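Colleague: Chain by chain, the residues run as shown.
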Amino acid sequence: KAGVTQTPRYLIKTRGQQVTLSCSPISGHRSVSWYQQTPGQGLQFLFEYFSETQRNKGNFPGRFSGRQFSNSRSEMNVSTLELGDSALYLCASSALGQSGEQYFGPGTRLTVT
Amino acid sequence: QKEVEQDPGPLSVPEGAIVSLNCTYSNSAFQYFMWYRQYSRKGPELLMYTYSSGNKEDGRFTAQVDKSSKYISLFIRDSQPSDSATYLCAMSDRSSWQAGTALIFGKGTTLSVSS
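Protein chains in written order, with my numbering: chain A, 1187 to 1299; chain B, 90 to 204.
No wet-lab data here; the hints were simulated from the structure.
Don't take every hint at face value.
What the hints assert, rightly or not - Listed next, with one range per pair, are the computed distances between beta-carbon atoms:
#1 G148(B) to R1295(A): 29 to 37 Å
#2 A1188(A) to Y128(B): 15 to 23 Å
#3 G148(B) to L1269(A): 39 to 47 Å
#4 R1201(A) to P97(B): 24 to 32 Å
#5 R183(B) to S1237(A): 19 to 27 Å
Everything numeric in this text was worked out from a predicted model, so none of it was measured.
Even glycine gets a Cβ: it sits at the ideal position worked out from N, Cα and C.
So here's chain A without its partners, still in its complex pose:
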């Protein structure tokens, strides 16, 4: 079974721009969560989607948004990028109803200059 895939793997953007990251969960997994990972703060939860609905949101500004499509693929968007948004953005999928085990993708490394 293929794992979680994320595209692109690396991205360089300029302050003020916006960016869209994509995540394809493991086949059959309906829940997708997004995390931001930085050396200083570690892994921080952004939001979680299930059946195209955002069910849970972390403590991030409104510049961070996401969505989920009917095939469970998810995208997250960051608008008006700031230098502090430079991080590894990780997507994790889980199979609701079986367990809460979350499986992570390789991440998208975003650098804001």
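Fit chain B to the supplied structure of chain A, relying on the hints for placement.
Modeller: The following block gives chain B in isolation, referenced to the frame of chain A:
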């Protein structure tokens, strides 16, 4: 006080050593405990998860949970250079686990095993 505390290390050991990695937590509602391994430039990989208190063993890895002390451990026996990675603990309460929602992570301990 952060919900989950984890010593960042780095922890350096020789090949073959027994490694002990630990996390403490403050939320008594946590019932599900996970250990992830993250290699450089990769996403975290689920190693083990345990429910409530007790031990769980998988090959060279043993996870222990002591809910009375709010303390969890991961032991690695006969450590190998390939075990060199960052180890993250993660936790969840019952409702979040069943919903597959947010995990609370420690910041990770960097382990280096030298040959």
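Colleague: Using the Cβ atoms, figure out if R1201(A) sits within 24 to 32 Å of P97(B).
Modeller: About 29 Å separates the Cβ atoms of R1201(A) and P97(B), which means 24 to 32 Å holds.
Colleague: Do the Cβ positions of G148(B) and L1269(A) conform to the proposed distance bound of 39 to 47 Å?
Modeller: Because 43 Å falls inside the window, the suggested range holds.
Colleague: Is it true that the C-beta distance of R183(B) to S1237(A) lies inside 19 to 27 Å, as the hint says?
Modeller: Taking Cβ atoms as reference, R183(B) and S1237(A) lie about 21 Å apart, which means the hint holds.
Colleague: Range first: 15 to 23 Å. Now tell me if the beta carbons of A1188(A) and Y128(B) are that far apart.
Modeller: 19 Å, holds
Colleague: Has the hinted range 29 to 37 Å been met by the Cβ atoms of G148(B) and R1295(A)?
Modeller: Since G148(B) and R1295(A) have Cβ atoms about 31 Å apart, the given range 29 to 37 Å holds.
Violated hints: none; the structure is consistent with every hint.
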